[in-house]
Amino acid sequence: MAQVSGSRIVRRKLVNGFFVALTSLATLVAVGALVLILFSLFKNGIGGLHASVFTQDQPPPGEAGGLRNAIVGSLLMCGGAMVLAVVVGILAGTWLAEYGEGNRLAGVVRFLNDVLLSAPSILIGLFVYELLVRPFHGFSAYAGAVALALLATPVVTRTTEDILRLQPGALREAGMALGAGRGLVIRSIIWKASRTGLVTGGLLGFARISGETAPLLFTSLGNPFLSFQLGQPMAALPTTIFQFALSAYDDWRQLAWAGALIIAVAVLATNIIGRALARGSAHK
Amino acid sequence: MAEAMTIAGKPGRGDGLFHALCFSAAMVLMATLAGLIVALFIGGWPALSHFGIGFFTSSTWDPVADEYGAAGPIVGTLITAFFAMVLALPLAVGIAVFLVEFCPQRIAHWVAVAVELLAGIPSIVYGMWGLFVLAPWFAEHVQMPIIMNAEPGSLMERLFMGVPNGANIFTASLILAIMVLPYIATVFRELLLSVPTHMREAAYGMGCTPFEVTTSIMLPYIRKSAIGAVMLGLGRALGETMAVTFIIGNSHAFPQSLFDSGSTIASTIANEFTEATGDMHVSALIALGLVLFAITFTTLAAARLLLGKERV
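Keeping their order, the protein sequence lines are chains A and B. Its first residue numbered 1, the first sequence is counted upward by one per residue in the numbering used here. Its first residue numbered 285, the second sequence is counted upward by one per residue in the numbering used here.
Treat the hints loosely; a few may be bogus.
[Unchecked claim] Here are the in silico distance ranges between beta carbons for each label pair:
#1 A:138 x B:441: 45 to 55 Å
#2 A:11 x B:370: 23 to 33 Å
#3 A:17 x B:501: 15 to 25 Å
#4 B:449 x A:43: 15 to 25 Å
#5 A:47 x B:333: 48 to 58 Å
#6 A:273 x B:435: 48 to 58 Å
#7 B:374 x A:269: 26 to 36 Å
#8 B:541 x A:108: 42 to 52 Å
#9 A:102 x B:538: 47 to 57 Å
#10 A:196 x B:478: 19 to 29 Å
#11 B:449 x A:63: 27 to 37 Å
#12 B:586 x A:29: 26 to 36 Å
#13 B:441 x A:29: 24 to 34 Å
#14 B:330 x A:63: 40 to 50 Å
Derived from the structure by calculation, the hints contain no laboratory data. All C-beta atoms, glycine included, are put in the ideal place defined by N, C-alpha and C.
Sequences are here, hints too, so could you generate the full structure?
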C-alpha cells in the first residue's frame with residue numbers, strides 16, 4: 001500500500017514537472033519569436049538606414065533614394081486621423097462613462113465599439129472606398145485619414161471610458177457641490193484628472209494605425225512624389241514598404257527593410273510609452 | 285458614480301450642448317458599423333445577385349472571363365485561421381499558466397510585456413519576416429526533406445505536396461498563430477488571475493500539485509470566458525490581411541494540401557482591388573468583403589458575449 005501511494009506521488013510529481021517544462025517552453029517560444037523577428041528586422045534594416053532615407057524621395061528602381069515622401073505622407077494622414085479620432089473617441093467615451101449608466105443604448109454602443117476594436121482593417125478600407133473614393137472619383141489623402149481615424153476611434157473610446165470610470169464619484173460630487181453643472185464638472189474636473197489616461201488612449205490609437213497598410217491600399221493609394229495635397233493620392237510608409245518588398249529590385253527591398261525597421265521601432269516605442277504612462281497614472 | 289448622477293444639480297450653461305456632442309460622437313460609432321454593412325451590401329450586390337449561390341460554391345476565380353466563385357478564398361480563410369488557432373491555443377495557455385503559476389514575480393511583468401509587444405509589431409513587418417526569413421528557411425529545412433522522403437502516392441505525399449518555396453497555407457497559419465498569440469495569452473492570463481485565491485489555496489491545501497490545480501480548478505473555472513478569448517483570437521486571424529498576403533502564395537484554386545499555396549478573403553481583396561478593372565470584379569471583391577464581415581462579426585460578437593463582464 002505504502003509502495004503504491006509512493007509511486008503515485010512520484011508519478012504526479014513527474015507529470016507536474018513535465019507540465020512546468022511545457023509551459024516554460026511555450027513562453028520561450030513566444031519570447032523567442034519576438035527576439036527572432038526583431039533580430040532580422042535590425043539585421044536587414046540597419047544597413048539601409050542612411051540619412052538619405054529621410055531626406056530623399058522614393059527612387060525609380062536601380063537609383064539611390066529614400067522614403068521621405070512616404071514618411072511625410074504617413075505623418076500627415078496619421079496626424080489628421082488622430083485629430084478626428086481623439087475628438088470623436090474622447091466625446092464618445094465620455095458619453096459611455098458619464099451619461100451611459102444603466103442606459104440600454106449605451107450597452108449597445110459599448111458592445112459594437114468592442115467589435116469594431118478588432119474588426120478587420122481591410123473592411124474599413126473597403127467602406128471608405130465606397131464612401132469617399134468612388135463618389136468623388138479619386139483616391140485621396142482625406143480618404144486615407146478617415147479610414148485610419150475609423151480604426152483609431154474605437155481604441156480611444158475604449159480607453160477614455162475605462163479611465164473616466166476610474167475617477168472617484170466624490171470628485172464629481174465635490175464639483176457639483178460647488179454649483180457646477182454636470183458638463184462643467186466633466187470638462188474641468190474629470191477630464192483634467194484623467195489627462196494622462198486620455199493621452200495614453202491617443203498613443204495606443206496612434207500605435208494601432210501607424211503600421212496599418214490594408215485600409216490605405218484603396219483609399220490613399222500611394223504616390224511616388226512628395227505631396228502635401230490632401231485631395232490627391234498620397235504615399236504612406238506601410239503601403240510603400242508593401243510595394244517595395246514585393247518588387248524584384250534589391251535596392252527597393254533594402255529600402256523596404258529600412259522602412260519596416262523605422263515603423264516597427266516607432267510603433268513599439270509608442271506602445272511602450274503609452275503603457276508606461278498608463279501604469280504611472282494607475283499607481284498614483 | 286451612480287450617486288453622483290442622482291444628485292446632479294441644476295444644469296449649467298452649455299451642458300445640453302455638451303451632452304448632445306458626446307451623444308453624437310457615440311452615434312458616429314454606430315453609424316460607422318451601419319454604414320459599413322450598407323456599403324458592403326450595395327457594393328457587393330451585383331456580384332451576389334449575378335452569381336447567386338455559385339459565388340460560394342464555385343472555386344473558379346477568373347477575372348479574364350469575368351467569372352467569380354469565392355470558395356477558394358473562403359475555405360483558405362477558414363483553414364488558415366483554424367490552423368493558426370490550433371497552433372496558438374496550447375502556446376497561449378502555456379504562457380498564461382507559466383506567468384500566473386510558475387514565473388518568478390520579478391520577471392513575470394517583463395515577460396508579459398514582451399509577449400504583448402508581439403501584438404504591437406505591425407502586420408506588414410510580420411509579412412516581410414515571413415516572406416524573407418521564415419519561408420526560405422521552411423522550404424529548405426522542412427518542405428524539401430519531407431518531399432524527398434515521402435513515398436510517391438502515399439498519404440504523406442498528398443498531404444504535404446506543393447511548390448517548395450515556403451509560401452503556403454501552413455506558413456501563413458504559422459505567422460497568424462504568432463500574431464494572435466499575444467491577444468489570447470493576455471486574456472487568458474487575466475482570466476487566470478481572476479480565479480478566487482481561496483479556490484486555488486483550498487486545492488493546494490488538499491495536496492494538489494500545480495498541474496492538478498491548473499487543470500482541475502483554474503481552467504474549468506474560466507472555461508466560458510476562455511472560449512470567448514479563443515473566439516477573439518479567431519476573429520483577428522480571420523481578418524488579418526497584410527501578413528497573409530505576403531506569404532500565402534496567392535492562388536485562387538481550392539487548396540489541395542497543407543503545403544499548397546492558397547488565398548484568403550482579405551489577401552484576395554488586398555491583392556486585386558486596386559487592379560480590378562471590370563465593375564463585376566470590383567463587386568465580387570466587395571462581396572467577398574461582405575462575407576468576411578459576416579464571419580468576423582459573428583465570431584467577435586460571440587466572443588464578447590462569452591467574455592461577458594471581462595472586458596479585454
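Tested hints:
| no. | hint | result |
| --- | --- | --- |
| 1 | A:138 x B:441: 45 to 55 Å | 51 Å, holds |
| 2 | A:11 x B:370: 23 to 33 Å | 29 Å, holds |
| 3 | A:17 x B:501: 15 to 25 Å | 19 Å, holds |
| 4 | B:449 x A:43: 15 to 25 Å | 22 Å, holds |
| 5 | A:47 x B:333: 48 to 58 Å | 53 Å, holds |
| 6 | A:273 x B:435: 48 to 58 Å | 56 Å, holds |
| 7 | B:374 x A:269: 26 to 36 Å | 32 Å, holds |
| 8 | B:541 x A:108: 42 to 52 Å | 44 Å, holds |
| 9 | A:102 x B:538: 47 to 57 Å | 51 Å, holds |
| 10 | A:196 x B:478: 19 to 29 Å | 26 Å, holds |
| 11 | B:449 x A:63: 27 to 37 Å | 29 Å, holds |
| 12 | B:586 x A:29: 26 to 36 Å | 28 Å, holds |
| 13 | B:441 x A:29: 24 to 34 Å | 29 Å, holds |
| 14 | B:330 x A:63: 40 to 50 Å | 43 Å, holds |
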